[in-house]
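Visitor: Order-wise, the sequence lines are chains A and B. Residues in the first sequence are numbered consecutively from 26, following the working numbering. Residues in the second sequence are numbered consecutively from 26, following the working numbering.
Hints were generated in silico from the structure; no laboratory data involved. Check each hint, because a few of them may be wrong.
Identical copies look the same in the list; a pair holds intra-copy or inter-copy alike.
When the alpha-carbon atoms are kept at most 20 Å apart in a straight line, the in silico EDC-like pairs for lysine to aspartate or glutamate are as follows [to be verified]: (1) K344 with D132; (2) K226 with D101; (3) K57 with D224; (4) K344 with E261; (5) K68 with E130; (6) K282 with E111; (7) K54 with E266.
There are 2 protein chains.
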Amino acid sequence: MNADAAIPLPKNPKVIVIGGGFAGLNCAKSLKKKPVQVQIFDKTNYHLFQPLLYQVASAALSPADIARPIRQVFRDTPNIDVLMAEITSIDVENKRVFYDGGSSEYDYLVVAAGAVYSYFGHDNWEKHAPGLKTLDDALEIRRRVLLAFEEAEQEEDPEARERQLTFVIVGGGPTGVEMAGAIKEIAVNSIPSDFRRIDTKHARVILIEAADCLLPPMPEKLRNQAKKDLEKIGVEVHLGEMVSDIDAEGVTLKSGKRILARNVVWAAGVKGVPLAESLGRELARGGRVEVESDLTLPGHPEVFIVGDLALAKDAKTGKVIPGLAPAAIQMGKYVADVIEKEAKAGQISERKGFHYVDRGAMATIGRHRAVADVKGWEVTGYLAWWMWGVIHIFFLIGFRNKLFVVMSWLWSNLLFAKGARLITGFPRIEVKKRIGKPKEETTPTEEPASEKVSSGANQ
Amino acid sequence: MNADAAIPLPKNPKVIVIGGGFAGLNCAKSLKKKPVQVQIFDKTNYHLFQPLLYQVASAALSPADIARPIRQVFRDTPNIDVLMAEITSIDVENKRVFYDGGSSEYDYLVVAAGAVYSYFGHDNWEKHAPGLKTLDDALEIRRRVLLAFEEAEQEEDPEARERQLTFVIVGGGPTGVEMAGAIKEIAVNSIPSDFRRIDTKHARVILIEAADCLLPPMPEKLRNQAKKDLEKIGVEVHLGEMVSDIDAEGVTLKSGKRILARNVVWAAGVKGVPLAESLGRELARGGRVEVESDLTLPGHPEVFIVGDLALAKDAKTGKVIPGLAPAAIQMGKYVADVIEKEAKAGQISERKGFHYVDRGAMATIGRHRAVADVKGWEVTGYLAWWMWGVIHIFFLIGFRNKLFVVMSWLWSNLLFAKGARLITGFPRIEVKKRIGKPKEETTPTEEPASEKVSSGANQ
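Bound-form chain A, shown alone (with noise of 0.2 Å):
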């Protein structure tokens, strides 16, 4: 659209995609063995499955279950070249990429940088409150989770047990949804025969949203039927509150309420990555790109900007696009598409806007639960829950990652067995607040030890 004159290509026109997640992992294979030079960068070594992050993060799955390595996936594509490496800034009048310890030159850049979670300035809260965007993110919030339960088993202190047995979710989307669900699951479910001295049953998981709903972009009847599900299985869902502090204590809302919690998970705002401002824009609300209707930066028909980056409107509706994963695949694949198109032309000419298309979305509710939309189509329950299972399987990226998902989720859900719960990295547990009792006079954990296990005994 704002390439009125055609502009010559090379021959083998040289594609930088920055960002191996869902919008350049597809425009990159939509140009395997196409007349394209690809050179695709991501900071880390893999392309990974987001939708179910959240389970890395609940240990129903292993890493290894819902990524794979960018490189295995172009292992037999000669045309398309991966660098593990971070792009720090993006030269567009000269059009060349920088990374650490070096630079690339390009034809066509398609920027899938992606989004990073926003603190809405108060970056602080980040080390209190961790988002779920990484593998590590997932990891470190499992660990977090997990050690409560350890810490609580071991509290003496009423009001520090409880603390630590409260988990606060802020941000009532998919992923807060998903995550609050998870969780309390795990307490009531999973683990209560795993503790002696508390009852997990009992623990708390709180979930806060600023709107007046939970999953805003859903249909209303879905958004409602979302929070009785939580509500049934025991999550307490605060809709129209938000958050003023979160410290290492606990968090403060805007209506003066104070949430003592051990445990606060960023589920909220997300935010363009730094990187877009080196593209030397006025940045959107989000830090996110404004485009053309063809994904491309103003003036710039060969930077294509796409996935949650983006802030694009329909070429056909012109409503702005949801930053969903069937989005960012749709915009990949249209990107390469207009690029196959013009290299086989040798010009850059005249482009169809990227219209998507909408086929709903989906949430999972705990164990057995979840909301769909699907084409208008309003499904709750049950039934919601296996259509979403397959069709999470069948987006799954590889084979392996489909069979081992399918295992797993057989193996918890219909077995009722219990995933591996494994606490790695550090620190491991934490000093424990023994309020009033100085260590030397106390043997904290035996006494209620030995009620139990006498009577265990005795059965």
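Since chain A is already given, all that's left is putting chain B on it; use the hints.
Guide: Same frame as chain A, now just chain B:
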């Protein structure tokens, strides 16, 4: 043996087990539903199947495949209480153990706290040459090994690239032999077509052993076969060589030889955990605790030392019991039997000494070979590798672990497909050393990429 007079015991005596490894876990398992109260302490929350740990380091398996939460093992066992805490000292006179935040009394103590890697007084080597003891160790070694290939792919300087593609393993015991074979197989078989600029087949894997043979406790035929098999797959084996220094650039040998290597893995000496010092005894070589023939601390018939921490002699043969998993398992069960018998009798009395039933030892070499000594029957090659696999599956704890390891092995060995070689943790990638070439003037990875890419596109 050291309890000449019978010592009375309380009803339901309290047994504290320190460590959830092979010795501690098997001791506690054998005390399930017996007339004792058990408290088992571990600083991690999982039991680890250490013989397969090298496969986590080589990304063939996931942590969840070879580990299981200790709590889960004892979930239906009310007389066993699990605490995730590191015991920091033992007071044998007052029969009490101390940990961060508390202490606990015992009637019996089973110290199964294991061993840590010993750098022979050179603790500064550790950061350059991590050992392989915990899941965190394995993930760290995996990260370093996989990053070496990623960095080499981006390295312009041939010398630096060679250094990045050189892996040194120090120590020719089972861990060293298996790790060396696994890294070489990755380089030769798994990843060559993943990379565009480097030929990973030329990666050097160097195994250094101070003794004049590999796998010292094995029969000579197997020791020689192990060396031959390793050399056949391309590992360089240096026997009778000792390390005199390890730094960020590589390894210096006593012979004066210098090997430049980005990655060094330490699989040499081990020593008993520092906790042993709080027993107030002079420790034997390697920081181990010399015990009576009933595995007790001399003068303390209520304190057992089992597993790698014990320097024990076989009650029948007088031979020192080796630091192997089967020995640890047998020790743990022996102690549980003693305790059960005495708890029922209500007193500590005369004991039969511990006898180790040696069923042999085995080690894999690369993908499809192993050496196995099974009750004197010496097996090598493919058959030994199958035996190794079947036996290790059999001893893995938990049906889920067995199932998922079998699946992973079938996937990678029979279907010749690839595991997920994910890099997690930080730092992600090191700044490349671009000797003599300032960043601004070069486009480092571009030319070689273009060559490869265009030839590929024309195929």
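Visitor: Should K282 paired with E111 be assigned to within, between, both, or neither, using CA atoms and 20 Å as the limit?
Guide: neither (41 Å within a copy, 37 Å between copies)
Visitor: Reference check for the pair K226 and D101, CA-CA at most 20 Å: within, between, both, or neither?
Guide: between (50 Å within a copy, 17 Å between copies)
Visitor: Checking an output row: K68 and E130, CA cutoff 20 Å. Within, between, both or neither?
Guide: Within. Shortest intra-copy distance 18 Å satisfies the 20 Å Cα cut-off; inter-copy 51 Å does not.
Visitor: Should K57 paired with D224 be assigned to within, between, both, or neither, using CA atoms and 20 Å as the limit?
Guide: neither (54 Å within a copy, 22 Å between copies)
Visitor: Within a copy, between copies, both or neither: where do K54 and E266 come within 20 Å Cα-Cα?
Guide: neither (42 Å within a copy, 49 Å between copies)
Visitor: Between the shortest in-copy and the shortest cross-copy C-alpha distance, which are at most 20 Å for K344 and D132: within, between, both, or neither?
Guide: neither (30 Å within a copy, 72 Å between copies)
Visitor: Is it within, between, both, or neither for K344 and E261, if the alpha carbons may be no more than 20 Å apart?
Guide: Neither: 33 Å inside a copy, 63 Å across copies.
Checked against the numbered hints listed earlier, the structure breaks hints 1, 3, 4, 6 and 7; every other hint is satisfied.
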